[in-house]
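Trainee: Here the protein sequences line up with chains W and P, keeping their order.
Each step along the first sequence adds one to the number in this note's numbering, with nothing skipped, and position 30 is 30.
Each step along the second sequence adds one to the number in this note's numbering, with nothing skipped, and position 51 is 51.
For the record, the hints were derived by calculation from the structure and aren't laboratory data.
This structure is a prediction, so every number in the text was calculated from the model and none was measured.
By construction, the Cβ of each residue, glycine as well, lies at the ideal position given by its N, Cα and C atoms.
Some hints here could point you the wrong way.
As the list claims (entries may be wrong) - Stretch-level coverage of chain P by chain W, calculated; a stretch enters the list once three of its residues show a Cβ under 8 Å from a Cβ in chain W:
1) 45–55
2) 58–67
What the hints assert, rightly or not - Derived DSS-like pairs: lysine-lysine, alpha-carbon spacing no greater than 27 Å straight-line:
3) W:164 to P:61
4) W:212 to P:61
5) P:105 to W:143
6) P:119 to P:56
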Amino acid sequence: MNGTSALNLFDKPNFQDATLIVGWAEDASNLSIRTTNYLIQDLGCTEIGEIMPQEFFPLAGVSVENDVAQFPRSKLYASSRHNLVVFQSNIPRMEWYRFLNILLDVAQECSVREIYTLGAMVSASTHTMPRQLITVMNSGALKAELEPFNVMADTDYETPPGQKPTMSSYLLWLARQRGIDAVNLWVPVPYYLVPVDDPRACKRLVYFFNSKYDLGIDFIPLDSEIAEQNRRIAGLFDRSPDIEALVRRLETGEGIDGAESDKLAREILEYLKKQD
Amino acid sequence: MGIRYIKEPDLIDPVMLASWPGIGNVGLIAVEAMRKSLRSEQLAYIEPWDYFYPNKAIIRKGELIELGFPASDFYFQRTDKRDIIFFTGEEQPTEGSRLYAEGSKAFSMANIVLDVAQKFGCKRIYTSGAAVAPLHHTARSRVWAVPNSETMLEELKKYDNTILMSGVEGREGQGTITGLNGLILGVARRRGMEAVCLMGEIPVYLQGFPFPYPKGSKSVLEVLIAALGIWMDMDSVNQLAEESEKELTGLYEKLPQEVKDQLDRLKQVTVAAPESGETITEEDKRKILDDIDRFFKSQGGDEQH
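Hey, can you work out the whole structure from these sequences and the hints?
Mentor: This is the structure in structure tokens:
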């Protein structure tokens, strides 16, 4: 099999020790795509290519989400000024090894030195709490490089029986075979924000890249989104003190039961949708 | 994609026993039991990358230490009577969300397994799986044998407790064997190699549950032992079969009486274990099976095989 026939790379800017940021679609709060979109727009990245879908997705029709027909996409963007390549993709449904190796071929062609994948973890935290940044790396040597950025880099984990590792873990492992440093960045997202945006989680990721690479990113739009979401949820609290009480209990670590948890998620979602 | 050899022994006219997971893991349990009983050594493995998604990640102190993949391993053992190559696959290679292998990956894996068989001079391949049957779990499972050549039919008829498809009630010699346990028969036929699939019966009402069914595996092993002329210690399989029957009987007792009454009628249908000594007509048998089928449909049961 030819490792690059599924790749359509129509531009290859000059890079030196570039960084590749990978965002997979369909995670909680659509965090990876929202974050990479923010970076693409703020940094003026342009599209440089795509991995064609026919070998990696069944294409037996289209799925419809929120009334709109969807189609899998795997697009590459870049900013040579920032030495940055961004990859946005649906998670391939088959031929994962080939798909990830094509992406790594691109990384090597673009002289990528570090790869970051983005992801959201569903958590029992609240929208008012600071977002943590959890890292998993493919080399212990990266720990010292990441430590100044206030990340949690001491996770212990084994895939539970019946579950599968993430695509990001798979990419880390393959990157290590090629001697490329790679890091998964995970942000815990409050479970009741999973169906909607979590701009605070998005800001945590953007802030990391801005700090590490001195990108000069404008945070004003993100800060406005965070303020707007807080304002909306505060409006719900005014109308429903029992919902506020549930959030306060989560903040103090007191915990809530299953029925309360369902109620909290349902009411916040309904209220935010009405406000849209 | 490829195969990695760990040893390259000289084997004399070996046969290959191959199995992948399937309903009740009937075939896999049988092949694994014989492989372990004969203390076989690893021969080779198939590189997993092109066939499988990883099945395990191990992270320690924030570092990805290991990524595991489903294993597809070959083993071998020389016995006084017969040299044997074993192949066991931890998963069937699927494309998309299908349960059993099909398409190009299945064809590719079947060919790799047969490449190994031919490299060591195998003339015959045995695969093994489950046959969903109107059987009660207290009865002995029969073994349905499907060869890929007419020349093996007479031989297979001689084995105790074994039937050909034409001997299965209502089948008239027709049927399908899904996944690699079946596909490899066809791929072997293309190469002019003999292959047989031995399917241990599993009760129809267990097919949708994730329980292993070692009673079916035990029946398969009995046929394999006869066919290969070898001896193996059956203690572990007997124990597994007994434990499984006890557990299933425990669950069975918890079923509503109405369901039990329907399933108990399978004891009359089961050809291999006429415990009551009573005989029933073909018409009675058909009526019982139709009744049970209607009952499970009314309960929202699964019709798939």
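Trainee: Can the restraint linking residue 119 of chain P and residue 56 of chain P be considered satisfied, given a maximum Cα separation of 27 Å?
Mentor: 32 Å, violated
Trainee: Residue 164 of chain W and residue 61 of chain P: Cα distance at most 27 Å?
Mentor: Judged against 27 Å, a Cα distance of about 20 Å means the pair holds.
Trainee: Take the region 45–55 of chain P, compare each residue's beta carbon with every beta carbon of chain W, and decide whether three or more fall closer than 8 Å.
Mentor: holds (count 5)
Trainee: Taking only the CA atoms, is the gap from residue 105 of chain P to residue 143 of chain W under or equal to 27 Å?
Mentor: 39 Å, violated
Trainee: Tell me whether the statement that chain W covers the region 58–67 of chain P is true, taking a Cβ distance below 8 Å and needing three residues at minimum.
Mentor: holds (count 8)
Trainee: Need the status of pair residue 212 of chain W, residue 61 of chain P: alpha-carbon distance at most 27 Å?
Mentor: Distance ~22 Å between residue 212 of chain W and residue 61 of chain P Cα, so the pair holds.
Consistency note: the structure conflicts with the earlier hints numbered 5 and 6.
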